[in-house]
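Colleague: What follows is the residue order along each chain.
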Amino acid sequence: MDYLKAFIVGGLICVIGQILIDKTKLTSARILVLFVVSGCILGGLGLYEPLVRFANAGATVPLPGFGYALAKGVMNEIDTSGITGILTGGLKASAAGITVAIVCGFLASLIFNPKEK
Amino acid sequence: MAKRIGKQSVKFDKSISIKSTAATVGPKEGEGPLGKYFDVVLEDILAGEKSWEKAESKIVSNNMKLAVEKSKIGMDKIDYILAGDLLNQGSGSNYGVRDFNIPFFGLYGACSTFGESMCLGGILIESGAAENVLVGASSHFCAAEKQFRFPLDLGTQRPLTTTWTVTGDGAAVLSNEDNSPYITAITTGKMVDLGITDANNMGAAMAPAAAQAICSNFKDFDITPDYYDLIITGDLGKVGMELTTKLLKEEGYDISKNFTDCGVEIFDPVSQDTHAGGSGCACSATVFSSYFYEKVKRGELKRILFVPTGALMSSTSVQQGESIPGIAHAAVIENKRGNN
Numbered sequence: 144m145d146y147l148k149a150f151i152v153g154g155l156i157c158v159i160g161q162i163l164i165d166k167t168k169l170t171s172a173r174i175l176v177l178f179v180v181s182g183c184i185l186g187g188l189g190l191y192e193p194l195v196r197f198a199n200a201g202a203t204v205p206l207p208g209f210g211y212a213l214a215k216g217v218m219n220e221i222d223t224s225g226i227t228g229i230l231t232g233g234l235k236a237s238a239a240g241i242t243v244a245i246v247c248g249f250l251a252s253l254i255f256n257p258k259e260k
Numbered sequence: 003m004a005k006r007i008g009k010q011s012v013k014f015d016k017s018i019s020i021k022s023t024a025a026t027v028g029p030k031e032g033e034g035p036l037g038k039y040f041d042v043v044l045e046d047i048l049a050g051e052k053s054w055e056k057a058e059s060k061i062v063s064n065n066m067k068l069a070v071e072k073s074k075i076g077m078d079k080i081d082y083i084l085a086g087d088l089l090n091q092g093s094g095s096n097y098g099v100r101d102f103n104i105p106f107f108g109l110y111g112a113c114s115t116f117g118e119s120m121c122l123g124g125i126l127i128e129s130g131a132a133e134n135v136l137v138g139a140s141s142h143f144c145a146a147e148k149q150f151r152f153p154l155d156l157g158t159q160r161p162l163t164t165t166w167t168v169t170g171d172g173a174a175v176l177s178n179e180d181n182s183p184y185i186t187a188i189t190t191g192k193m194v195d196l197g198i199t200d201a202n203n204m205g206a207a208m209a210p211a212a213a214q215a216i217c218s219n220f221k222d223f224d225i226t227p228d229y230y231d232l233i234i235t236g237d238l239g240k241v242g243m244e245l246t247t248k249l250l251k252e253e254g255y256d257i258s259k260n261f262t263d264c265g266v267e268i269f270d271p272v273s274q275d276t277h278a279g280g281s282g283c284a285c286s287a288t289v290f291s292s293y294f295y296e297k298v299k300r301g302e303l304k305r306i307l308f309v310p311t312g313a314l315m316s317s318t319s320v321q322q323g324e325s326i327p328g329i330a331h332a333a334v335i336e337n338k339r340g341n342n
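For the protein sequence lines, the chains are A and C, in the order given.
For the first sequence, the working numbering begins at 144 and goes up steadily by one.
For the second sequence, the working numbering begins at 3 and goes up steadily by one.
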């Protein structure tokens with residue numbers, strides 16, 4: 144059941160992205176930023192939390208999940224260490240995701256070359 | 003001497019012969035409907051080089067040598083090289099011809115470059131400044147995507163209106179010898195900008211320029227579309243072709259019966275997933291240098307209007323929201339001289 148929920152929610156988020164690619168002139172980079180910022184705002188308002196509880200990885204793995212992690216990290220850090228948490232909380236909470244992305248990107252660029260198709 | 007006719011055209015007096023042509027293309031173009039007409043079809047899009055840019059220069063160098071070889075004129079008899087491509091500073095051509103030791107003019111007319119090079123080559127020969135001129139244009143899908151759209155590493159999806167940049171080089175040896183076919187007249191295009199800002203829809207951006215150049219050719223020489231067996235644009239694609247036909251109809255010219263586009267001819271959009279068709283300097287250059295050149299030479303087409311089209315934006319101008327101006331250069335190519 145968890146798998147199904149994750150698949151449906153994650154899939155729906157991707158469908159929104161696909162519609163934006165097909166129906167608007169937004170570049171992929173802009174859609175990426177839009178998703179992260181939306182996740183951040185929804186997370187800050189507490190609206191993303193229920194989605195995460197419902198679908199788990201289906202909501203945390205797509206880009207809005209990254210925005211949500213940033214917002215949640217800031218809020219938690221403010222609770223524990225005060226106002227400086229605004230600066231430190233976001234990256235602390237998402238450090239694992241960022242590091243994995245950089246390391247995997249580096250490894251992939253070592254192993255693979257871009258191709259025509 | 004050449005005679006200036008109307009606002010944009012020139013009629014040549016001397017015989018400007020297209021002595022030989024050569025076309026080298028990448029694997030995808032080789033699989034297309036015109037595959038069997040190209041001189042060389044590469045198996046590897048990197049052409050054995052380490053980068054796409056190096057590959058393009060190697061393609062330029064080898065294909066130009068092939069064109070000269072086929073002309074039997076000899077490299078030492080070539081007075082000028084005129085060539086261009088899509089890469090920054092024309093580096094595809096610059097590096098391609100750097101070992102040739104022949105006077106060189108680098109051109110930039112985006113995808114209209116092959117037309118530009120033929121027109122200028124004709125003028126050089128007509129003026130007596132040269133006897134033999136090597137002209138050409140090249141592009142490379144991967145290098146062009148990287149420079150103008152998105153790096154391929156990003157894996158961005160391509161919208162349905164985008165064209166597929168042709169990988170390859172088309173080259174021709176122009177000579178004052180008396181050999182069919184001939185460039186008998188040219189119509190130089192003007193910058194035309196109707197305010198299109200979508201870099202993924204170049205056909206629409208270039209169509210007004212194509213229509214303008216074709217229309218001026220008709221008016222300058224006081225002819226109708228049926229004067230030509232075929233009017234061939236460079237890389238308008240299906241969308242751009244329809245728009246050009248429509249724009250010319252408004253001017254009172256019906257070109258729907260004898261009009262085609264190299265970008266439409268080179269790929270099969272259904273089986274090759276190329277969306278709006280082929281584009282890039284090499285699109286018109288390779289299709290003319292193989293398929294259409296042979297047809298005119300054999301007399302299957304007696305007189306054509308060859309109109310390579312170009313979109314003259316830069317990646318910076320697109321990012322700054324500038325509209326995309328287009329240009330088109332037309333050359334009248336005939337099987338016999340003095341048909342009229």
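It is worth saying that the hints were derived from the structure and are not from the lab.
Nothing here was measured: the structure is a model prediction, and the numbers come from that model.
Among these hints, one or two may not hold up.
Claimed, not checked - Here are the simulated SDA-like pairs of lysine to any residue, each with C-alpha atoms no more than 20 Å apart in a straight line:
id	chain 1	residue 1	chain 2	residue 2
1	A	K168	C	F150
2	C	K148	A	R173
3	A	K258	C	E51
Colleague: Does K258/A pair with E51/C here, judged by a C-alpha cut-off of 20 Å?
Modeller: It holds: about 14 Å lies between the C-alpha atoms, which stays within 20 Å.
Colleague: Please work out if K168/A and F150/C have their alpha carbons no farther apart than 20 Å.
Modeller: Holds: K168/A and F150/C sit about 16 Å apart, inside 20 Å.
Colleague: Given the hinted pair K148/C and R173/A, is their alpha-carbon gap at most 20 Å?
Modeller: 18 Å, holds
Consistency with the previously given hints is maintained throughout, with no hint failing.
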